[in-house]
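Going down the list, the protein sequences come from chains A and B.
Once you know that position 58 of the first sequence is 58 in the working numbering, the rest is easy, because the numbers rise by one and skip nothing.
Each number in the working numbering comes from the position in the second sequence (counting from 1) with 1000 added on.
Just so you know, the hints here were simulated from the structure itself, not pulled from any lab data.
This structure is a prediction, so every number in the text was calculated from the model and none was measured.
There could be a bad hint or two in this list.
Taking lysine-lysine and the DSSO-like style, the derived pairs with C-alpha atoms no more than 30 Å apart in a straight line are [to be verified]: (1) B:K1037 x A:K39; (2) B:K1037 x B:K1002; (3) B:K1002 x A:K136.
Partner residues are not named here, just some residues of chain B that face chain A (Cβ under 8 Å, in silico) [to be verified]: (4) L1008; (5) R1012; (6) T1015; (7) Q1016; (8) N1024; (9) V1025; (10) Q1028; (11) T1029; (12) A1032; (13) E1036; (14) K1037; (15) A1045; (16) F1046.
For glycine and all other residues, C-beta sits at the position ideal for the given N, C-alpha and C.
Below, each chain spelled out in residue letters.
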Amino acid sequence: MNTFTRLNPDQAHRHHRLRVIVAMSIYAALLLGCVYFIKHQHPEGGLLVALALLPTVPVIWVMWSLYVYLTQADELQRRVHLTSLSMAAGVTAFLTLTYGFLEDFAGFPHIPAWWTFVVIDLVWGASSCLLWYRYK
Amino acid sequence: MKNRIHVLRAERRWTQAELAERLNVSRQTINALETEKYDPSLPLAFSIARLFSRPLDQIFIYEADEPPANP
C-alpha cells in the first residue's frame, strides 16, 4: 500500500533530488559535529556509540527517498538508476576486494570501511550521468 | 526502432512536457523516445498508440536488421 502522495515521474525526481540535498547537508553537519564532539569531549560507552551512529540517520532517509522515487519513476528513469546502481555495486565490490588483498598481503595502509559508501556513491553518480548522456 | 512520436506530438501542438504528463512519464523519457535512443516497453507503446488513436505499426517502424536502442 502506498503511504505517500502519488507524483508524476518529473515531480518524483525533483522531490527525490531535494530530499537527497537536504539529507546530505544534515549528514555533513552531523558528521562534523560528532567528530568535533568526540575529539574534544572524549565521550565513552553508550554516548560514544550513539554519536558514532548519529550521522547514518540521514542516510536512512536517503534510502527511503530512493525507494519512494523508484516506485514513482517511469521505466527509463528506473532503468538508468538500477543499471547505474548495479555498475556501482560491481565496481565497488571489485575495488574493495582488490584493496583488501593489498592490505592483507602487501602491507598497504588500512582504509576505513566507510570509504565504501563514498566510492559507491561516486561511481553511482558518475555512471548515472553517463547513462543519461547516452539517452540525450 | 524508428517512431513518429515527434510528428504526432507536433500535429497536436503539444510540448514534450505536456505529452509526458499525458503518458505519466518524465520529459527526458519523451526526449529519449523522440530521438529514438530508447525503445519503450510494450505497455508504454500501447499507451502511446491509444493516446494518438493510431495502431502501433503506424507509430513504431521496426526494421529487422537494426540494433535495439536499449540492449
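Against the structure, the hints come out as follows:
no. : hint              : in the structure
1   : B:K1037 x A:K39   : violated (53 Å)
2   : B:K1037 x B:K1002 : holds (9 Å)
3   : B:K1002 x A:K136  : holds (16 Å)
4   : L1008             : violated (19 Å)
5   : R1012             : violated (19 Å)
6   : T1015             : violated (13 Å)
7   : Q1016             : violated (11 Å)
8   : N1024             : holds (6 Å)
9   : V1025             : holds (4 Å)
10  : Q1028             : holds (7 Å)
11  : T1029             : holds (4 Å)
12  : A1032             : holds (4 Å)
13  : E1036             : violated (11 Å)
14  : K1037             : holds (5 Å)
15  : A1045             : violated (11 Å)
16  : F1046             : violated (13 Å)
Violated hints, in rising order: 1, 4, 5, 6, 7, 13, 15, 16; the structure is consistent with all others.
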